[in-house]
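Chains A and B, in that order, give the protein sequences. Each residue of the first sequence is one higher than the last, beginning at 1 in this note's numbering. Each residue of the second sequence is one higher than the last, beginning at 1 in this note's numbering.
The hints are simulated quantities; they were obtained by calculation from the structure and are not laboratory data. Every residue, glycine too, gets a C-beta built ideally from N, C-alpha and C. The reader is advised that the hints may include incorrect statements.
[Stated by the list, open to error] Some chain A residues near chain B, calculated using beta-carbon distances under 8 Å: (1) TRP220; (2) ASP364; (3) TYR444; (4) TYR449.
[Claimed, not checked] Chain A residues, not near chain B, derived (Cβ > 12 Å throughout): (5) PHE106; (6) THR113; (7) ASP160; (8) ALA179; (9) LYS324; (10) LEU371; (11) ASN398; (12) VAL400; (13) LYS408; (14) MET410; (15) GLU441; (16) LEU442; (17) ASP445; (18) ALA446.
[Claimed, not checked] Simulated DEER-style distance windows between Cβ atoms: (19) A:ASP334 / B:LEU59: 50 to 60 Å; (20) A:THR494 / B:LEU177: 40 to 50 Å; (21) B:GLU9 / A:PHE476: 36 to 46 Å; (22) A:THR494 / B:ILE78: 58 to 68 Å; (23) B:MET146 / A:PHE215: 50 to 60 Å; (24) B:ILE161 / A:ASP41: 33 to 43 Å; (25) B:ILE78 / A:ASP41: 55 to 65 Å; (26) A:THR178 / B:MET146: 46 to 56 Å; (27) B:TYR63 / A:ARG181: 53 to 63 Å.
Here are the chains, one letter per residue:
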Amino acid sequence: MKKMIKSIGALALGAAVFATSSLSVMAAERSYTYNYDYWGDVQDSPDAYSVTNVYTASSFGLDVNFKNPQGLFAKDNMLYICDTGNNRIVQLERTGTEAFTVARIFDSIKGDTDVTALASPTDIAISEEGDIFISDNGNARIVKVDSDLNYLMQFDLPVDSNVSADSVFQPSKIVVDTAGRVYCIATSINQGLCKYEADGTFSGFVGATPVTFDFVDYVWKKLATQEQRQRMASFVPTAYDNIYMDHEGFIYACAGGQEEDDLDSGAADAIRKLNLMGNDILVENGEYPVYGDLYWGEGGGYEGPSYFTDVTVFENDIYVCLDKNRGRLFGYDDQGKTVFCFGGNGNMDGYFRQPAAIEHMGHDLFVLDSLDCSVTLFTPTEFGELVYSAIEEFDEGNYVVSGESWQKVMELDGNYDLAYIGIGRSLLRQKKFEEAMDYFELKYDADNYSKAYKQYRKEWVEDHIVVLVIVILAIFLIPMGIGKIRRVKYEIDTADIFENRMTGRPL
Amino acid sequence: MIAALKNKETYQEYVRSLKFALYCTTHPLDGFWDLTHERRGTYAAANTILFLTLLIRVLKLRYTSFIFLTVYWEGINIFLYIASVAFPLAMFVVGNWGLTTLFDGKGRLGQVYMASCYALTPYPLVQFPLMIFSNFVTVDEAEFYMVISALSLLWAALLMIAAMGQIHEFGAGKNMLFMVASLFAMMVILFILLLFFGMIAQGVAYFISLAKEIMFRL
Chain A
1 MKKMIKSIGA LALGAAVFAT SSLSVMAAER SYTYNYDYWG DVQDSPDAYS
51 VTNVYTASSF GLDVNFKNPQ GLFAKDNMLY ICDTGNNRIV QLERTGTEAF
101 TVARIFDSIK GDTDVTALAS PTDIAISEEG DIFISDNGNA RIVKVDSDLN
151 YLMQFDLPVD SNVSADSVFQ PSKIVVDTAG RVYCIATSIN QGLCKYEADG
201 TFSGFVGATP VTFDFVDYVW KKLATQEQRQ RMASFVPTAY DNIYMDHEGF
251 IYACAGGQEE DDLDSGAADA IRKLNLMGND ILVENGEYPV YGDLYWGEGG
301 GYEGPSYFTD VTVFENDIYV CLDKNRGRLF GYDDQGKTVF CFGGNGNMDG
351 YFRQPAAIEH MGHDLFVLDS LDCSVTLFTP TEFGELVYSA IEEFDEGNYV
401 VSGESWQKVM ELDGNYDLAY IGIGRSLLRQ KKFEEAMDYF ELKYDADNYS
451 KAYKQYRKEW VEDHIVVLVI VILAIFLIPM GIGKIRRVKY EIDTADIFEN
501 RMTGRPL
Chain B
1 MIAALKNKET YQEYVRSLKF ALYCTTHPLD GFWDLTHERR GTYAAANTIL
51 FLTLLIRVLK LRYTSFIFLT VYWEGINIFL YIASVAFPLA MFVVGNWGLT
101 TLFDGKGRLG QVYMASCYAL TPYPLVQFPL MIFSNFVTVD EAEFYMVISA
151 LSLLWAALLM IAAMGQIHEF GAGKNMLFMV ASLFAMMVIL FILLLFFGMI
201 AQGVAYFISL AKEIMFRL
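Chain B with its partners taken away, still in its complex shape (with noise of 0.2 Å):
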């Protein structure tokens, strides 16, 4: 693995498959197809993605202008802020993947993460120009900041749905069913996690309140 990283086509590969991102918003559907039967994609440029649209997503904090985003600094948990996307992408991964494994998918669960870290290419491609821009512009002209930016959402929503399609291998009606059924997935997952965290927590404060009459009554 580290001997690797000394090998120069570790790079270039690297390069490459960061680069077939670019290919992967513009021809979607060969793209994505081409991302793990031609094996084109690989997890440290699906990792470096994520990266970048967490870190843009929270350097957009700071630096959009603030007529566009004004930021209640005392309210921000940086944290939550970033798990607010980190976690709905695990969840939809590990929910569709445990969804569609049942119903012939093809794509496993690290293919349904990187297409799925891939899908997220506009988001930095185009909201990091866009919040250098945001500086620039007057409220009358909010409308052009406003509108990219809803597209660059809808764009990463498309390829996401495309994406998905094409390492299922599944046509365009099982594909929009599955990404509708991922959704509910994702539903119960949450609802599966607050339970058990509310169990959890009853349990500890059980002990808790024991341990506490315990050292009353010493």
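In isolation and in its complexed conformation, chain A is listed as follows (with noise of 0.2 Å):
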């Protein structure tokens, strides 16, 4: 009896102590960036990105403060911002590290239209030419203008089956491939992107995201009776929240607002990634999906996945998706692997309240906020610079420079995976297999420890190869010939001409 109370005493210790420790975690600060390592726990990081400036409409001279902007594009060193509350769109032109001067700010546009004021203007595109897509919402089109804003053309409500003629064309994000294609996202039409050919006609939709269901509601569904069904949710894919045409022509989209379910089944995907055809291509070969946070529960008011509202790529095809929903950034690298996460939701530099749109300019990032109607300038810290010129070095074929780069980053952060698996690759192309081997291990990165070791085997094989046929012939032969052996001698010791014939025993 004692005893039992004396480990009663135990556990209501072990449990205080329990509960105050796990009290003392809660209270840990984290770091502004982390990252999600193989186990997908939290690891605080050095930060990939510091906050240059945040620019509000003063402070590029504007007597108008943004309203409600919705839009951001960059192109050269010019980065354009659709104040969609204004109805006008503001293009700067980037003439230092943090100087912007106002090249131009425009509210109409010129030539041979009946309505040349734009209307809330969501996006803006711009051709390799130089003409100016801009999807003008408020006035249900998306109009086409030259470098003058000298209009050309205007691409209207898609000729479909499945549109209805009479519903208000609500383009509101944008973008046009080099042959002068425009994909457009619309408002209430979920059959994917519009695609319009250059000459203006409507030519389908791309790239729908396939609809998901759960099994049970089908059923529900097949046996409801007629005006039931009509009274029930039905099954339509979600539409897509953003898109960005990266270098290389292929169009990444965000649908931000999947439901959980699906997200954790992965019959849905945060980020598509379309080719021409409008199939979903994005590599995810990272531990975890691309869908942003991997912890949903409710933390400072917020909770829910991860709503990718914008994303955008980098000439190095890492690409960075904004996250509504906690006002993060999220970048993935073209394995789908993490890069770096940051951010939040607040008034301070780097924080959010309501990020709307993001966009690149060199390694730089600019997120546009359309509540506190400011621009956020992110310039990469050594960190990450570090870590984008060991990952470009890679795909330029300098394995030697790229691995010196991982190593300086795993000295700056000794728990970034990505670094360890980067210095194996670099050795695993420098034929040092043992050592790669030893990287990918610490990194549980299966399918490039294998390649090494598959190398690193052959190579032992081929070095050993004598000591390997002669240890193979001696297990095979050594018992063979004691078999030989002992069977000679048997039929010595028992033969006839050794044996006393008259005692019958061997002599």
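Relying on the hints, combine the two individually framed chains into one complex.
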């Protein structure tokens, strides 16, 4: 009995210790930038980006403050802000790292069209030739103008059996490819992206998200009567939130607002990379799918999965997704592995109230906040630049340089999985298989480990082929030889001629 | 008891009964019949096999290639890990014996335990070489590991079924029925244990809060 009381006391003590220790863990501050490791644990990380400046309209010298700005577009050193609420577009020229001058502000277009004033422009895109495409939401059109804003043509409501002819066309986001084709997301059209040929004809929908539904709903629907069925929510594809055309002409489309279950089961993708056929070709080789935060519990008044509202793609194929829910930025590499996560909701620099759009210029990032009416400029830190240079050098085939960069990254952040795998891949290319294996094993990269091990094993066998053959021969021959000797010995022992005929015993 | 340890025959008996486990793995019906009816098995050997099984299960954590088994060391409690095999085994033995003893099962509790342990033989026998083998394969050859590993478990399961049938002198149909019934018995035991510990915890919590209240008032 005494023993029992003792153990119960120990249990209670343990519970108390556990409770207090978990409290102290809760209180621990997390770093601004973080990363997910192999296990999905949050690992603090040095900042990949730091805020260089936060710009409002007044910091550009504008009299009228931004009002609900929705769109952001960068080309060369020009930055375009769609000031949706003020029906205007602000074109800024970047003259220094953090210096901008207003190049042009326009709220109307010139030329041969009935309506020249822009109404709630939500997005802007510029073609190779310099023609400007404006998603003129309030005027139910996408308008194409030349670089001097002279009207060229416009794109109207898609003519399609799926689209009611008397519905209002509400284009929200647009991209233009090198051939002048326009892809657009329109509110209340969920068949995918509306694709227009360069001559303005609508040529169909591309890249509709697959419809997801769960089996129970499906069965209910089968059993329901016509009236009941009409009252149920119909299975419709999720509409895209934003699109971005990368330097190779692939369209990155993000569809936020996915159901938790669909994201979990892999039925829905938060980010899709569409080829010309509209098929999703996004590589997801990471340990976790590309959907932002792994933990969706309630915290700080926010819950649910990350809601990707915009995406931008660097020339090195790293893409950065903007999460509207928790105000965070998620960088992924071309294999779908997390490069960095940072940000949050709040009023400080580097935090957002309602992030709406993201763009990049070189390695710098711009984030447009539609509620705060500001643009935040992020520039890579030393850590961020090292990561980028390591990835870019590897892509160019400079494996040794890449390995050195990863080594420096690892010195800055020992919990950074990509650094270990990067060093391993660099060593693998340098044919240092055994060392590469160590790095891959540290971060549980089974595929790369196997690649290295296969080579290592091959080399080892080739080096030791003589020994191997001798050992294998020995394994077979020695028992055979022993058996043979025994048999001979037995025959000699039992041979008649050696036996004493009188006693029957051997001599 | 201790005097027997000085006797050489004790060890010979032990080694002989341990070797008999190998015979059981390949001749389950014959082997498990002789295990109890001919007194070919010993508790010492049964304990050894169980110990080896647990040992190799723990060793596997560390020495299996990470291709097949990645271990989140922060989440490992070695005692819980051992209990995850030992506890269900104990429940099975007790549950099976408790049930079969009501329905003409001839096996005694100790014999059920011994036979169960003997049936585990394929696990250490296969998993140990497999653990070493795992370090010499790539992901392309992973299927070999997976299949052999699964086979060893299947083998052990079949031996377990055969063992119970022979120990209790049941026919095939009745044996299968009681194997399934044993699983239900395990669940009932688990339920009662949970209930029991839940009640105890509540009772203790009551007295602790009472004591706290008194201390607070003093």
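Against the structure, the hints come out as follows:
Violation of the interface hint for TRP220 (chain A) is found here, the shortest Cβ-Cβ separation to chain B being roughly 32 Å, above the 8 Å cut-off. Interface restraint check: ASP364 (chain A) against chain B, minimum CB-CB distance 38 Å, threshold 8 Å, status violated. A hinted interface residue such as TYR444 (chain A) counts as satisfied when its beta carbon comes closer than 8 Å to some beta carbon of chain B; here the least separation is about 5 Å, so the hint holds. Restraint check, TYR449 (chain A) versus chain B: the minimum CB separation of about 7 Å is within 8 Å; hint holds.
At roughly 57 Å from the closest C-beta of chain B, the C-beta of PHE106 (chain A) stays outside 12 Å, upholding its exclusion from the interface. Its beta-carbon lying about 61 Å from the closest one in chain B, THR113 (chain A) satisfies the requirement of being farther than 12 Å from that chain. With a cut of 12 Å on Cβ distances, ASP160 (chain A) stays outside the contact zone with chain B, its closest approach being about 47 Å. Once the 12 Å rule is applied to beta carbons, ALA179 (chain A) is consistent with being away from chain B; the minimum gap is 42 Å.
With a cut of 12 Å on Cβ distances, LYS324 (chain A) stays outside the contact zone with chain B, its closest approach being about 32 Å. Annotated as non-interface, LEU371 (chain A) keeps its C-beta farther than 12 Å from every C-beta of chain B; the closest such distance is 40 Å. Residue-level check passed: ASN398 (chain A) sits 27 Å from the nearest beta carbon of chain B, beyond 12 Å. The beta carbon of VAL400 (chain A) is kept farther than 12 Å from every beta carbon of chain B, the shortest such distance being approximately 26 Å.
In this structure LYS408 (chain A) is separated from chain B by more than 12 Å, as the shortest Cβ-Cβ distance comes to about 26 Å. Every C-beta of chain B lies more than 12 Å from that of MET410 (chain A), the closest at about 19 Å, which supports listing it as non-interface. Taking the minimum C-beta to C-beta distance to chain B, about 6 Å, the non-interface status of GLU441 (chain A) is violated against the 12 Å cut. Distance check on LEU442 (chain A): its Cβ comes as close as 9 Å (rounded) to a Cβ of chain B, failing to clear the 12 Å threshold; non-interface status is violated.
Remark: the non-interface label on ASP445 (chain A) conflicts with the geometry, its nearest Cβ contact in chain B lying 9 Å away (cut-off 12 Å). Separation of ALA446 (chain A) from chain B is inadequate, the least Cβ-Cβ distance of about 5 Å not exceeding the 12 Å criterion. Our hint of 50 to 60 Å for ASP334 (chain A) and LEU59 (chain B) is violated, since their Cβ atoms are close to 39 Å apart. For THR494 (chain A) and LEU177 (chain B), the hinted distance range of 40 to 50 Å is not satisfied, since their beta carbons lie about 58 Å from each other.
Taking 36 to 46 Å as the suggested C-beta distance range, the pair GLU9 (chain B) and PHE476 (chain A) conforms, at roughly 38 Å. For the hinted restraint 58 to 68 Å between THR494 (chain A) and ILE78 (chain B), the CB-CB distance of approximately 59 Å keeps it satisfied. Distance hint check: the CB atoms of MET146 (chain B) and PHE215 (chain A) are about 29 Å apart, inconsistent with the given range 50 to 60 Å. At about 42 Å, the beta-carbon gap between ILE161 (chain B) and ASP41 (chain A) stays in the expected band of 33 to 43 Å.
At about 21 Å, the beta-carbon gap between ILE78 (chain B) and ASP41 (chain A) misses the expected band of 55 to 65 Å. Between THR178 (chain A) and MET146 (chain B), the C-beta spacing of about 48 Å keeps the proposed range 46 to 56 Å intact. Between TYR63 (chain B) and ARG181 (chain A) the Cβ separation comes to about 58 Å, which falls inside the hinted range of 53 to 63 Å.
Figure legend: structure checked against the earlier numbered hints; hints not met, in rising order: 1, 2, 15, 16, 17, 18, 19, 20, 23, 25.
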